[in-house]
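Undergrad: One letter stands for each residue in the lines below.
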Amino acid sequence: MKGLTKDRLWAIAVLTPSLLLLGIFVYGFIARTVYVSFTDWGNDPAQALALNPIIKWVGFANYQELFTGFLQGRFRQEMVSTIFFTVFFILGCLGLGLGLALALDRNPKGEALWRTIFLFPMSLSFIVTGTIWRWMLQPQGGVNQFPTAVGAPASTFGWLSSTDSIWKFDWNLLPIITAVVVAIVMGVLAYRAFASGQRTRTIVAGASAAVLLLWAIFIAPNLKMLPAPELHGFNLALIGIIIAAVWQMSGYTMALYLAGLRGIPEELREAARVDGANEIDMYRRVVFPLLSPITLSAMIILGHISLKIFDLVYAMAGPDNTFASVPALNMYLTSFRQNQFALGAAIGTILLILVAFIIVPYLSSQFRTEESH
Amino acid sequence: MTTSIPTAATAKPPATAPRKSIGRPGLYIVLIVAALFFLLPIYLLFATALKSPDAINLATTWRWPAALNWASFSEAWAKIGGNLGNSLFLAVVATLLAAMMGSLNGYALAKWKFKGANTVFALMLFGMFIPYQAVLIPLFQFIKALGLYGTIWGLILAHVVYGLPITTLIFRNFYADVPDALVEAATIDGAGFWQIYRRVIFPISIPGFVVVIIWEFTQVWNEFLFAATLTNTDAQPVTYALSQLSGGQAVSWNLPMAGAILAALPTLLVYILLGRYFVRGLLAGSVKG
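Chains as they are written, first to last, in the numbering used here: chain A, 1 to 373; chain B, 1 to 289.
Next comes chain B alone, as it looks inside the complex (with noise of 0.2 angstroms):
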């Protein structure tokens, strides 16, 4: 990735590197720039969060503290630990269920086409764009109905749904890059649906459910709305009880700082660890049918 490219703003573009005319310096300078841009809201976050509550100032926000307060990671973790777990829990089966699902749908989509594949296809995708304030009331009153209001399962049956099309769509579109060749020939073999499915398909799936697993968990352990609608105080998520805690004024800024970082480490370490596919995901996410 890093090719060497002679660095000196006067040097003349080699014909092996021509891409230069604002000259290298100048590019690393609007590098930094950016770079500033996007992290010093992180310095801040972390130079908050490690000071005590009186060391928090106004005036001396930038200052990094002179002594680091650990403890506001443990009073915010006796806040909001328990949500963490009701996250955890939310995420890790919303994520399952909807990626099994998105990967069988995507292996009938995208296989076994049928008359009119394409329109439901379309169809389903729509759910993925709606506002969901367009489905929230009724969407309340059927969990409710239910009788799943306030637990952590009605929120899980509301993101296995809406999370849906995006499985079924990052799967339709791996699986289309997979020879029809394949299954034809699995099928001259004897092999009905599910055989093909079992010994042909799901085992070169590996790299699409990487992809549509990490961008579920993402998207549900971030996800706002459906929280601060569906649960109560016992079945809260991590989001709903941050806004919580960063709400009110009385709290000194050091506990939802802390806060925020913890209910930001899990998805920030999936990316850093795994951004090739998070990426991915995120391409995948603007359709391209």
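Isolated chain A, as found in the complex (with noise of 0.2 angstroms):
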């Protein structure tokens, strides 16, 4: 069946459509929007949306803008916002996931109607979802009035209006933060192929966790992004919406572990016992070394999810509330209220930037091991 005969023609034909969309829609248009990151299309709101507007290419004047401009302290919030979104998103899906999968795993009666309660919510909008959520953390109802029922006062927590925030950090410090994090991954990696013995691998990463040791103490504090300490950490504004989103989405992650556990034989956890592992030990030497893979790729779903959240954040907190968003917000506020579309472009390059080092590696990981097949 090899050879370019009339039929495979047929199905190359039968894929180009679909191929010129989205060579269109995804590949140019992804092209256009980096392009118009590098200009200063909306930057003068009298150009913004004229008809043949003047633009001027300005280089990484845009980037530059976001990671060091005076007026763009709320972009920098976001971006730590989103990084502390998307852990404790993740723990929290994964845990509780993992949780209702081993319950549901031990063959509970009317197991059918109890996977059905906790995966419903993934069949509902964000915009459901939040609005529903946003009645339940109003300051004097809803969750706040859960202490009460055990005669305790109500609780004042302001959920959604939060303005306080912890582990805060200063912006300035972020190169030194991100180079030592590196150096210390680099350092794990070249121990590891160290122990495995392999001289290249060691060397290499060894040598760059160095460098990068030797720059973050000698050279980085000298640097200063902004002329000011700017102060930046986890808004606890942001616990109500991690919370609603853990709702939504944890069902998907217990389909996935659920699926893994159903794939495991019977006769691997009899072996276990036999050997004489204990219900702990059987878990931990059998059963969760097989489920890792399904972690990795709920980690790398639900990462990516988390990276472009914006329906859930708008309609819980709304578009002004700036201790509760999230870049992906701010680039449609840039963009589509304030018609600064260069500054928006490039909030939403940044995006894609951060999905990509999520999403390429795994994509290309999942087709190289179909082809070893």
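Check the hints yourself; a few may be wrong.
Said to hold, decoys possible - Lysine-lysine pairs mimicking DSBU-like chemistry, simulated, CA-CA at most 35 angstroms apart: (1) A:K56 to B:K144; (2) B:K113 to A:K6; (3) A:K168 to A:K224; (4) B:K144 to B:K79; (5) B:K115 to A:K6; (6) A:K224 to A:K56.
Claimed, not checked - Calculated from the model, a selection of chain B residues having no Cβ within reach of chain A, i.e. all distances over 10 angstroms: (7) V93; (8) M124; (9) F202; (10) P203; (11) E223.
Treat the hints as calculated values from the structure; they're not laboratory data.
We put the beta carbon where it would ideally sit given N, CA and C, even for glycine.
Each chain sits in its own coordinate frame; assemble them with the hints.
TA: Take a look at the structure:
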């Protein structure tokens, strides 16, 4: 079945419209967004919506503005927020999802009903979820009334209105923090390569770790991104949104883990028991290692959802709550409320780079394993 | 699914039901607590939607309404009924187009492998993961240039194109399980690309179509970013209308709650009735190329 037969040409012909459309709508539009992000389109409001706007090439000025500009503190806080959001969202979904899957794997009565209950939020729109949870998290009602059920005074936590934040750090330290974190990762990689006897890898990883550390110690402290310290941290107003997001998405990890647990042959567990492993050992030595590929794909899928999340934040906190905002929301507001298209395109590009870091290795590894079959 | 396992925690595990150590009551307590977490918001949703505006009081949030106020739903319907119609039209048309194209793409990729087919497929799949913020400005300009800005057709175009990766993915994996021998036998009988699709592939595609249609319908129905960017008042889908309904502070809460129920009902019904296929679409989203 090799060679270009008529049928194979038909196959290519059938694919062509989709490829053209995706070529334009994905790759063409991304290229265009990146181009726009290097211009000044919209920085002058008069030119933003002009029929033939005068657009100048400004290089990395928009990116510089976002990371170091006086007016863009909101964006920097959002970058920090989205990282915290992603970490807690993934941890919440993995923990709850795994717990539910392990519970359902014990074959409780009415297993199908339980599963339906845990999974139904997946079928809702983030806007619907946001509307419900916004009401749940009103300052004097909903969740804050829970303590009164046991006679305690109602909680007064401002779920969505809090302006407090914890784990604050100076934005100027960001390059150092990044360098140290990457250096630590590289150091671990170097150690593991050393342990398994791969010499080139040990040297490359070890050397980059050393260079990064030296840079962080000697050069980075003299760099100033901002003239004055600017503190960013984990805004408490995000907690409620994270809970709502976990409410919506943990059913997904449950379904993934449950499919994985069902795929583990009973003989394997049996063998572990015969070897004298108790239940906890059996999970630790047999079940969890077999589930780890699932954990990895769940982290990737949830991570990219989390970086893109926008509608839930919009529905819960509204567009103007800077304490509960994310770059994806900022991009929409900057581009389509303020018509600052170039700045919006720069935020869009940054989001794309963040997502690509997660997705590209994933896609290429998926296809590499397939081709080796 | 429900096997008869002794429920007493102290009972010695019999050989047929070895997976027990926390004990059954503990298991059910965990399940009930989890179910409360998932269902309490829904209770509050209905309790609030069925209250009259003057009965809504933060201190009595959790109380079931003394008198049921069904008028919330007719009021909400008056505000977002038209948008529900828009969403229905949008979701049905976009889903059918994306499913049809996805089926042909999947067939071409799975059964007529050509050189570089996997690379082409991976490049297509990337479109499913991108943050749409990274294409939003050119998309907006493009739709405007086509004269489709503000119409439902511009939105349909966007949803069909960005729906292609997932529909292609699901169908490709579905057809990969169809034995090649079937296709080869048909080739020997002299059938070509289209005849094989019509006589062999399409007739066994129903489960694939069910999965794809349910998944894509849910996605399109629930989508918000394109809805907020590409349409104006007349063509807005229900997600956008709902966000406007609940955004204002002046509105009494029974209205957005009733609106949320109306907006959630179609996808929720699909999920409850056809949950098995919904889950398959869900799992297909995690690639497994």
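Undergrad: Can you name, in rising order, the numbers of the hints this structure does not satisfy?
TA: Hint check: 8 and 11 fail, others pass.
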